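K.L.:
Residue numbers (our numbering), protein chains in the order written: chain A, 1 to 358; chain B, 359 to 716; chain C, 717 to 1074; chain D, 1075 to 1432.
Be careful, since some hints might not be right.
[Stated by the list, open to error] Cross-link-like lysine to any residue pairs, in silico, SDA-like; alpha carbons within 20 Å at most:
{"id": "1", "chain 1": "B", "residue 1": "K392", "chain 2": "C", "residue 2": "G743"}
{"id": "2", "chain 1": "C", "residue 1": "K750", "chain 2": "B", "residue 2": "G402"}
{"id": "3", "chain 1": "C", "residue 1": "K750", "chain 2": "C", "residue 2": "E731"}
{"id": "4", "chain 1": "B", "residue 1": "K392", "chain 2": "C", "residue 2": "E731"}
{"id": "5", "chain 1": "A", "residue 1": "K34", "chain 2": "D", "residue 2": "N1179"}
[To be verified] Calculated from the model, a selection of chain D residues having no Cβ within reach of chain C, i.e. all distances over 10 Å:
{"id": "6", "residue": "S1084"}
{"id": "7", "residue": "L1091"}
{"id": "8", "residue": "E1097"}
{"id": "9", "residue": "E1113"}
{"id": "10", "residue": "R1125"}
{"id": "11", "residue": "E1127"}
{"id": "12", "residue": "Q1151"}
{"id": "13", "residue": "R1191"}
{"id": "14", "residue": "P1205"}
{"id": "15", "residue": "P1209"}
{"id": "16", "residue": "A1211"}
{"id": "17", "residue": "Q1213"}
{"id": "18", "residue": "A1224"}
{"id": "19", "residue": "G1274"}
{"id": "20", "residue": "E1303"}
[As the list claims (entries may be wrong)] These stretches of chain D come out as covered by chain C in the derived footprint (C-beta under 8 Å, 3 or more residues):
{"id": "21", "segment": "1128-1138"}
{"id": "22", "segment": "1156-1164"}
{"id": "23", "segment": "1226-1235"}
{"id": "24", "segment": "1292-1298"}
{"id": "25", "segment": "1326-1340"}
FYI, nobody ran anything at the bench for these hints, they're computed from the structure. All of these numbers come straight from a predicted model, not from anything done at the bench. Ideal placement from N, C-alpha and C gives every residue a C-beta, glycine not left out.
The primary structure of each chain is shown beneath.
Number of protein chains: 4
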Amino acid sequence: MLLRLYENLSADQLESLIRLARELGYGPRFLDDKRQLLELTGEGAADHRARFEERAAVRQILDGGTARELHRRTPGQGELVVAVREARFGGGQASLIAGPCAVENEERLLEIAHAVRASGATLLRGGSYKPRSSPYAFQGLGGAALGMLARVRAETGLGIVTEVLDPRDVDAVAEAADMIQVGARSMTNFPLLREVARAGKPVLLKRHFAATVAEFLSAAETILDQGNERVILCERGLRGFDGVSRNLLDVAAVAHLKMVTHLPVIVDPSHAAGRPELVRPLSRAGLVAGADGLMVEVHPAPWEVRSDGEQALHPDDFALLAREAGALLALEDRQLCLPGSPDRRDRDSSPNSLENTP
Amino acid sequence: MLLRLYENLSADQLESLIRLARELGYGPRFLDDKRQLLELTGEGAADHRARFEERAAVRQILDGGTARELHRRTPGQGELVVAVREARFGGGQASLIAGPCAVENEERLLEIAHAVRASGATLLRGGSYKPRSSPYAFQGLGGAALGMLARVRAETGLGIVTEVLDPRDVDAVAEAADMIQVGARSMTNFPLLREVARAGKPVLLKRHFAATVAEFLSAAETILDQGNERVILCERGLRGFDGVSRNLLDVAAVAHLKMVTHLPVIVDPSHAAGRPELVRPLSRAGLVAGADGLMVEVHPAPWEVRSDGEQALHPDDFALLAREAGALLALEDRQLCLPGSPDRRDRDSSPNSLENTP
Amino acid sequence: MLLRLYENLSADQLESLIRLARELGYGPRFLDDKRQLLELTGEGAADHRARFEERAAVRQILDGGTARELHRRTPGQGELVVAVREARFGGGQASLIAGPCAVENEERLLEIAHAVRASGATLLRGGSYKPRSSPYAFQGLGGAALGMLARVRAETGLGIVTEVLDPRDVDAVAEAADMIQVGARSMTNFPLLREVARAGKPVLLKRHFAATVAEFLSAAETILDQGNERVILCERGLRGFDGVSRNLLDVAAVAHLKMVTHLPVIVDPSHAAGRPELVRPLSRAGLVAGADGLMVEVHPAPWEVRSDGEQALHPDDFALLAREAGALLALEDRQLCLPGSPDRRDRDSSPNSLENTP
Amino acid sequence: MLLRLYENLSADQLESLIRLARELGYGPRFLDDKRQLLELTGEGAADHRARFEERAAVRQILDGGTARELHRRTPGQGELVVAVREARFGGGQASLIAGPCAVENEERLLEIAHAVRASGATLLRGGSYKPRSSPYAFQGLGGAALGMLARVRAETGLGIVTEVLDPRDVDAVAEAADMIQVGARSMTNFPLLREVARAGKPVLLKRHFAATVAEFLSAAETILDQGNERVILCERGLRGFDGVSRNLLDVAAVAHLKMVTHLPVIVDPSHAAGRPELVRPLSRAGLVAGADGLMVEVHPAPWEVRSDGEQALHPDDFALLAREAGALLALEDRQLCLPGSPDRRDRDSSPNSLENTP
Ligand SMILES: C=C(OP(=O)(O)O)C(=O)O
Ligand SMILES: C=C(OP(=O)(O)O)C(=O)O
Ligand SMILES: C=C(OP(=O)(O)O)C(=O)O
Ligand SMILES: C=C(OP(=O)(O)O)C(=O)O
Ligand SMILES: [Mn+2]
Ligand SMILES: [Mn+2]
Ligand SMILES: [Mn+2]
Ligand SMILES: [Mn+2]
């Protein structure tokens, strides 16, 4: 490890740092005369970077050494394939998640589920608990929504992705969901991350709209560190200064993540777009930047909904989107996972991937 | 209320909106020929703005009507004074909160408490549970830290401000704290906000580093809506593109908040500054912009700490800061609340303010 | 036109506004009792929106009326095709511009030109005058570079795109260039925009890294308003808070621009990426979002250059990029314009497009 | 100097860098085994940092060495005092610049000039050439405005600060102005910076709303490097995501600049605020953060103006602002320079400062 220290540190400060280095098993050595470059030789552990970063004397970690954090892709390591019922994410396979922003009405939910499955979605999204800025806005139907999702899952064969906000709801959500969603606003809710990790289901982790990629990966690390290996990262746009789109989709981050981690990466074009016209272009952009799938908000009657209606894509447009997705993936010899015939549904875990216990 | 609708809405969309307006007791009327301006006459309720905002057909609420949200200051209404033991925030009174970022060591905590009280602080800060990006970073001493805070409180008479991250820890934290802190990263943790509100203690709510002022006030509204009236707003800087300071202190938001809400507003210069040299200038700037107090991270030996050492102010500099604060407040005929002599400590609730049950 | 005024305006303020409306030929009428909604009936002109926007009494222009600004695409209007020698931008045709950041060395320039032409570029880029933050950084070779570009153009048949910084250099640059580039840092250099417009050559206008789309289009309008219709808009990324890429490529803005203006839109992936690994993914993302072309920095020996070497793409990678571009465009029935055989070079202006005088 | 290089550089890349180091007179030496830390011993020159920064092989300059750029304050060096007629900026002296956004009407200009002088302003601002996003917005009265400024200067004794946009107008503006303003949008207009520098008048350089402090100082360096030492830096707010204020005043940057450069720093609260209510709080915040003065837009009848009327401060409020400024400065033993009696006007250059040739 190679540390860059602040100038003119006191003897106390240097000593305190050297002591820590020795405690962690390193041999410390200054490279320069001003004592600003401290080289630490020896084997490190995944948490050592954090141990030095928290020190006020350390200005920068120039070289983190060999000890790797769990999210880091080692040279030669393949991509992780996360299987969620019929869906596969990673390793050249991509899947579509679609559905309403929130579960508001069982009939509509079923209608949407049938429609998006027919177009190529393998997973159904829909919020039961909604993170809303205003206490007066619709907060989701809660447990009732979980019941609706379970019934629609049984009826259509689509796996369920739904968000949890409160660590005390994780068990109930984990029972209904095939993959648990952690929303952008919860990315730094560390107790929730840990509780979700422990539930054992795959986790869809969304990037906060003002999080750096490093912070995003640290949130993923928090889940991995609990022993849950199945994390899918979701880029959904960053807050910007212009109102042309609701958020700025960070396509470079998608490409970057595909290089630095083995975890699958998907894109949510809906919360980036903020309006239907931009959903298809952003979906295409996300896929060609390397995304292993998309999560799209779809609704046939957006004027009746109480959450994110203004960005809902019509099912017919979702069908176009799915077709475009298939074509773009094919161009790169990647594959869009499609829903099977109903009887194929229960034989779908691939042997060379981490399996999802349904 | 006056709504601006999108162009070319379908009959379904218009009808669905008119129906909602009638259900909520309004008389709807279009002002223009293109049916884009919908005036709703009648008494509204605090939640109606949100009810219309969530509709996809509504482009903008041009006039929210008379029904006021709880955080809104009505014409003529005075400022709320929140009392937390010896501290007073609002109505021309300002107070200083100071202490380490995290509680790491009881001896140091006591030393710091004595020092900052001697300089003019009335409340002691110190995290027991820390929101850290990395799972490998120091997460706080938890319950043990709460115990230390309680003992130092007993010893020094300083009230305690400490952060809670998990709704399941609220009761324990509420017992130790005189004011519960909700951190920037938790501003959109709505289950936490509600649980904290219910604990009945004053709440120090920090603005997320990428939250609009409207979102910040909505988070406050979530607490007020639970029946807890004692919310103090804390501006601590916004994420920017430059590394000169850790965050951009939004002094205009401080001035704006003082105009639109009756709630007290304080400034945290430490997380905005990110380094000691900037803490005093930012403190002064916050106060003259209208802040009713400051929360400052103070430590005599920053090289030994595991959280935010690089921005800790030395107790001697805090003494200077407190002196400057007093002088600036005096210039505006405002008053810095100072800690009383030990025997004054328990008679400190003023009759014309919301009282804090100690 | 429909104006939203501030509340509680004085009689002076209302009168002054009504007077202006009448002077511009409108019939003004208030729609509401509070006199905050002012409807103006009558034919407007392209500059009237600006005339009302500058008024302090006007809070918002809710409806701009029918008078259109020059950059606005009218319903049914086709896309403008801008021809620059062999290149075509718009109307389903896309082209590649490639070359070094700056012209530093004629031999290298020629080598790069041959390489990128062989891969499919029709235009050569290369700065003669460079906008550099530091006065001590390389400022470009100026006139000498223009000479090199002219010779390489003659030798290879590639059209030339090069940036101008100073209105006093416009004539010299216009002589050497087939398209004049206005850099991001010059987007609000209005005297330069006007001078460039008057030169009569097509203009490649880059979006500033902190400009809204509306400001970007206003800069384009400044050129169009001088009578020069051939403006190509270039998105090159916005400044963000993360260092993963140099800038955030705003793919939504690309898609949005293709809907609201008839002008061609291209993407510069190099200044968004900031490093070679991200250039191809961002190129792909830009194209599928709707871009009519790409401008890419290419260099075989980036360690020897004095400007933007760290983001230069190797010519071999540019060849891959060009192949990918062709495939992606084909998928949407769009066409990548390729350089012709040398003898085709001078017969290349299409009759149904605005022609470029070579 | 100490350079941090990228990993795994080729022999070509290392060699090219070593060659440059030797050419510039340095002795190069690698500190580490991986050859990522290159120490260069020897005397440097002000431009060497830029020479290494532009190299693609260089990841970071860890230590810039002793050669200082002109804007850098050396240990022990005092603050520069820039005198502009009666105004003094720096070294404990602060001054107020006030006036309309644009010069629109001579009578009003004179009225404002008298009013702000009476309240304590020593310099009059007012744009003759305005940088406006829209080509249809008011562009300033140009030369006619310069004439009005000259007459009002003669009449009132106030020095004149006015903006120039075009290098070809510098001579005319320099004749009328006592200090030439370079606007935020022109901060990266390097030909303009050089031309303005050469005019020999003090320069008021505004920070772009998306410029880092380093870029701001580089723009100042461009002026200093032309031999003009009298540069005053002006912070006027950064573009943010919230509409509460027009821009985010970066008070930390003000405090930081006062530590790193000897140049005076002022604050423009008007363009940060965007509305009159915020101008005084932001003025106070700027001053206590360390600013050596303020530039404020003032107008008694904002509804009649064509530029920035919505943020104009009424002359009566400016009087309050000036009083507050005096009191705040006094608290820190700094002094607000006030306009003298008319006959004092021509004897006002202090011997220990850089003098302004009137
Ligand atoms: C709330 C949602 O998204 P995000 O957390 O990305 O805002 C959602 O997926 O409905
Ligand atoms: C974590 C803290 O602050 P914030 O929530 O503002 O980041 C803190 O006060 O220690
Ligand atoms: C300077 C350039 O780009 P931009 O103006 O987008 O920064 C360039 O194209 O070399
Ligand atoms: C245009 C002005 O300011 P800025 O350049 O800071 O936008 C001005 O001072 O009127
Ligand atoms: Mn949603
Ligand atoms: Mn802290
Ligand atoms: Mn470049
Ligand atoms: Mn202005």
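K.L.:
All the hints need checking, so say for each whether the structure fits it.
P.N.:
Quick rundown of the hints versus the structure:
{"no.": "1", "hint": "K392/B with G743/C", "result": "18 Å, holds"}
{"no.": "2", "hint": "K750/C with G402/B", "result": "18 Å, holds"}
{"no.": "3", "hint": "K750/C with E731/C", "result": "15 Å, holds"}
{"no.": "4", "hint": "K392/B with E731/C", "result": "27 Å, violated"}
{"no.": "5", "hint": "K34/A with N1179/D", "result": "61 Å, violated"}
{"no.": "6", "hint": "S1084", "result": "8 Å, violated"}
{"no.": "7", "hint": "L1091", "result": "7 Å, violated"}
{"no.": "8", "hint": "E1097", "result": "13 Å, holds"}
{"no.": "9", "hint": "E1113", "result": "20 Å, holds"}
{"no.": "10", "hint": "R1125", "result": "7 Å, violated"}
{"no.": "11", "hint": "E1127", "result": "7 Å, violated"}
{"no.": "12", "hint": "Q1151", "result": "21 Å, holds"}
{"no.": "13", "hint": "R1191", "result": "24 Å, holds"}
{"no.": "14", "hint": "P1205", "result": "6 Å, violated"}
{"no.": "15", "hint": "P1209", "result": "4 Å, violated"}
{"no.": "16", "hint": "A1211", "result": "5 Å, violated"}
{"no.": "17", "hint": "Q1213", "result": "8 Å, violated"}
{"no.": "18", "hint": "A1224", "result": "22 Å, holds"}
{"no.": "19", "hint": "G1274", "result": "18 Å, holds"}
{"no.": "20", "hint": "E1303", "result": "14 Å, holds"}
{"no.": "21", "hint": "1128-1138", "result": "holds (count 4)"}
{"no.": "22", "hint": "1156-1164", "result": "violated (count 0)"}
{"no.": "23", "hint": "1226-1235", "result": "violated (count 0)"}
{"no.": "24", "hint": "1292-1298", "result": "holds (count 4)"}
{"no.": "25", "hint": "1326-1340", "result": "violated (count 0)"}
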